[in-house]
Amino acid sequence: MTTQARETPRSMKPPLRWQRVALYAVLIGFAIAYLMPVYVLLVTGMKSFAEVSLYRMWHLPQGLHFDSYAKAWFGSKAEGFRGLNGNFMNSVYLTVPATIISAMWGSINGYILAKWKFRGSDVLFPLLLFGMFIPYQSILIPLVQTLQKITPFGVKFYGSIPGLILAHVIYGIPITTLIFRNYYANVPTELIEAAKIDGANIFGIYRRVLFPLSLPGFVVVMIWQFTSIWNDFLFAATITSNPANQPITVGLNNLAGSYIVEWNVQMAGALIAALPTLLVYIFLGRFFMRGLMAGSLKG
Amino acid sequence: MRRLNWERVASILLLSPAVMAIAIFVYGFIGWTAYASLTKWDKLLPDFTLVGLSNYQKLFANQRFQIDLRNTVVFTALFLISCLILGFLLALLLDQRIRGEGFFRGIYLFPMSISFIVTGVVWRWLLNPGSAELGSTGINLLFDTVGLGFLKTGWYTDPKIGIMAVAIAATWQMSGYTMAMFLAGLRAIHDELREAARVDGASEFQIVRHVLFPLLQPVTLSAVIVLGHMSLKIYDLIVSMTGPGIGFATDVPAYFMWDTTFRGNHFARGAGIAIVLLIMVAVLIVPYLVHSTRTEAEL
Chain A
248 MTTQARETPR SMKPPLRWQR VALYAVLIGF AIAYLMPVYV LLVTGMKSFA EVSLYRMWHL
308 PQGLHFDSYA KAWFGSKAEG FRGLNGNFMN SVYLTVPATI ISAMWGSING YILAKWKFRG
368 SDVLFPLLLF GMFIPYQSIL IPLVQTLQKI TPFGVKFYGS IPGLILAHVI YGIPITTLIF
428 RNYYANVPTE LIEAAKIDGA NIFGIYRRVL FPLSLPGFVV VMIWQFTSIW NDFLFAATIT
488 SNPANQPITV GLNNLAGSYI VEWNVQMAGA LIAALPTLLV YIFLGRFFMR GLMAGSLKG
Chain B
9 MRRLNWERVA SILLLSPAVM AIAIFVYGFI GWTAYASLTK WDKLLPDFTL VGLSNYQKLF
69 ANQRFQIDLR NTVVFTALFL ISCLILGFLL ALLLDQRIRG EGFFRGIYLF PMSISFIVTG
129 VVWRWLLNPG SAELGSTGIN LLFDTVGLGF LKTGWYTDPK IGIMAVAIAA TWQMSGYTMA
189 MFLAGLRAIH DELREAARVD GASEFQIVRH VLFPLLQPVT LSAVIVLGHM SLKIYDLIVS
249 MTGPGIGFAT DVPAYFMWDT TFRGNHFARG AGIAIVLLIM VAVLIVPYLV HSTRTEAEL
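Protein chains in written order, with this note's numbering: chain A, 248 to 546; chain B, 9 to 307.
The hints are simulated quantities; they were obtained by calculation from the structure and are not laboratory data. Treat the hints with caution; some may be incorrect.
Said to hold, decoys possible - Just a sample of chain B residues kept apart from chain A, beta carbon distances all over 12 Å, derived: (1) Gly60; (2) Ala69; (3) Leu88; (4) Thr161.
To be verified - In silico DSBU-like links for lysine-lysine, alpha-carbon gap of 30 Å or less: (5) B:Lys51 <-> B:Lys66; (6) B:Lys48 <-> A:Lys403; (7) B:Lys48 <-> B:Lys66; (8) B:Lys168 <-> B:Lys66; (9) A:Lys362 <-> A:Lys443; (10) A:Lys396 <-> B:Lys160; (11) A:Lys396 <-> A:Lys324; (12) A:Lys403 <-> B:Lys66; (13) B:Lys168 <-> A:Lys396.
Just so we're clear, the structure is a prediction, and the values are computed from it rather than from any experiment. By construction, the Cβ of each residue, glycine as well, lies at the ideal position given by its N, Cα and C atoms.
Only chain B is shown next, with the shape it has when bound in the complex (with noise of 0.2 Å):
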């Protein structure tokens, strides 16, 4: 009973540096951020005269705030939709015992081992629409080699669409992690279920929309719980893509905190606009790690 109680302090005294770390640097540093959210300080040396939330009133009334909340909502949702589809649709596809699986997987799926910043400076070009004098480059150029003109366009300098574009480069880098969530759901189906299906005379059809899909349910909450928070913390593709673009068509909240606070030493709104953020994230996060884990335990 003495040697257990030794091992009791000695395994609590191993976790305690990483606990401290994480109580010091994630939790009492948001606390320190949100303080700094509701003080004056807005220049480079600190002022810590509490100003209560009058930086949020005029957070939210800050139009350049508007329209990146609004490009947060237009670029989650593109980019979810997106994904969504298109790695569920290769899944699908892969899982009809395809000769060189691992071939096409690895293709869809390797854009995710690259740098947010590489995948910008490379669609930066490929987006780039040139010009009607000295003519097409790009994929528009592409588009005109052959013969789909007509779906030429300004891409990301066009401020109507240009956060559709971002959405294009990162659906590119994330949509093989999509599929690669959603063929491992599939794997876990039992194919007795589908024959089951099949003789009962359902349709190849009737077997996605009836069987697979409310089955993929958990998969797919996964899949939109990951993209929707890296989607809202979206930074480095901005930052080497497009910056915060024409009327900041191309501009987000992450941005838009990292130059008013480093660039513009606006502390004060920096903080508060981090905040918005983080409360964005756990909106999302808070419920399915408590249930995750909590179905863990049960276990």
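For reference, chain A alone in the conformation it holds in the complex (with noise of 0.2 Å):
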């Protein structure tokens, strides 16, 4: 049996089997507890009006039904509420370009950091990431009277797209940056030492040696931007109050408040809200963890 690879010929007890049947007993105890609410989730979502009850919550669907789907992305003009088809566009509006700025620039950033330190980077470098860390809170007072000021070109900041965007790629330089910095610490330097010989600049280096090798760091870093931004809560409500211009998160959250919205329509609003970064973690979940380890200041 595979499970005895770790056992060598010197230990005394060998693995006993109602051991590991236990073992195993209890891993699929736990997986039962955390898929619960993914359950509830999805069955509720798959009744029909007739059969939903709270009291009948554990039953199983008696057939496979969209319509709370279909209420919960086109909303409900006799009943006076909106879908989240909008939302989920803004957020799409908002994530994609945020997630692509903020790639580029922490690629720019951890480039400089890992390969061109200078006097005061080592202390620059904690000083950048706490800015991670910090609750947005004590930003949020002045963030939101800058953005009401700020109009270049005749576009509004408060209250849109593009204001969020700014938001979440400024408040995403330091994670963007960590990633990428620690990415390109592992880059030998004799590689860059090689190009400058070939009469490469700081330019060509990075163009020539570090961005051909930087796919996966670009792919940890746009799974880590692309979830926090979908998934953001506290920009989302405070910058955007109009109802049109507000992403998923609000969205979902002004839906599920709301008293005349049936609850398995609230329940198929939070899996319409939950899909998209939950199919980049089932498809890209090895790079999710390596983002997550980033994350955690391990590089």
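Fit the two chains together into the complex; they arrive one by one in their own frames, and the hints show the way.
What follows is the structure in structure tokens.
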């Protein structure tokens, strides 16, 4: 059995069979507990309006119905609430550009901090990193005041998606810089030196040596930023007050906070809001893990 | 030598937009918030008349704020302890050469890819106690069905344990992350160490206690820092799951700050709460940041 691979011939007790059984039983028990909310989320969304009842929450649906999803997505004119389709698209328009811009910017910062250290850069780096731990409440009042005042080229920043993009790109600098710096620090200095001898300058080294090696770094950073921007609520709720401009998290919170919206519609809405990051996690989970580990400062 | 100089300048120029953005949007804004907390600004229109520390005096005398601080302590303690215990246990179980380890790991970890808003919406229904007249719902209903009815409680509707219910949802979301950190830590411990202990006659429990625990201390510290600063800042989950609750049973400083600033227009008081929050986070983060960037520099 593969389970004995770790055991050496010297170890006294071979693992007992019932111990393995108990081990798997405990693991499966925990797995069921972790999946329980997903079960409720899935079955409730698929039930017809007639069979939805809080007191039959754990029952399986009697057929496949997508009415709840349709209602959560399109809203209901008759009952007077907005669907999440607009909010979903707002989140897309916010998350995609913000993720790309912060990844590019982080890559450049990380390059400089990893390969062009200067006097004081060791002091600068922790000062930069502090920015990702602060409670954003401590910058929220000035941020709103500032966004209300700046309207470059007639673009309103307060209450709009561009304003949210700005906030996420700026407050994303510390984490994107950290991940890229740690990533580039592992690129051997000999490669840089060789490129210098070949006559490459600071831009050439980035373009010809580091950037071509950067794909895994970009994947990690972009997954990280995509997830945290898509899931953000604080900036979204503070900067956008007009429902037409609000991202999905705010839309879902409004939907769930409304007394006229049935709870199966709320559950369907919750699944719609969770789906993009969930899919990223399912298909790119390995990279997701790396981003997490970088987020805990361990490069 | 001259070539080196222009590249030095170029490297600083490349980094300077990020440095300036952080200087203004993090440190400048924190300074602005700190200043606002010392003023009379109590309505929409700013009033920067200085009043010294009187806002802080009033804040700490404020009953709601006292309840908030107590809630934060209770929440942080529960959240940290349950995440650490659950995370360590799951990591230990998964480290036993489990078949389908990736599958189990994925299930324990997926909740952290979704937003606190989604978690709050789902758990609000799961921990909805139902009523005596109409019957139990959610988890209480599950308890009834499997004959564990005595475990039924009011969850977040009970002011005495309301904040505990929020901690359960938060633990569901973050314990898998803690597991991932511990698992990475366990994998870094060489098998020879365990073998040596076994040869010396140590029991499996003694190995955990005297070999693994001490070696996992740095990972535990990282987990405490990451989870601790999250729990001090917890906001989204409160918004979507419970709101401030009856008698502020589930209120936290971050919620009070947003409420009083952007709904009540008490800007100076909101700024004061933000600064208290920032100080709490800084006490946790700054020593860790200084320590980890310094040890890195020595390498």
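Hint-by-hint comparison with the structure:
1. Gly60: holds, 19 Å
2. Ala69: holds, 21 Å
3. Leu88: holds, 15 Å
4. Thr161: holds, 17 Å
5. B:Lys51 <-> B:Lys66: holds, 17 Å
6. B:Lys48 <-> A:Lys403: Within the cut-off at roughly 29 Å; holds.
7. B:Lys48 <-> B:Lys66: holds, 12 Å
8. B:Lys168 <-> B:Lys66: The hint holds at about 26 Å.
9. A:Lys362 <-> A:Lys443: Holds, at about 12 Å.
10. A:Lys396 <-> B:Lys160: Between Lys396 of chain A and Lys160 of chain B the Cα gap is close to 52 Å, so the pair fails against 30 Å, i.e. violated.
11. A:Lys396 <-> A:Lys324: violated, 36 Å
12. A:Lys403 <-> B:Lys66: Judged against 30 Å, a Cα distance of about 37 Å means the pair is violated.
13. B:Lys168 <-> A:Lys396: violated, 45 Å
When the structure is compared with the earlier hints, violations turn up for hints 10, 11, 12 and 13 and for no others.
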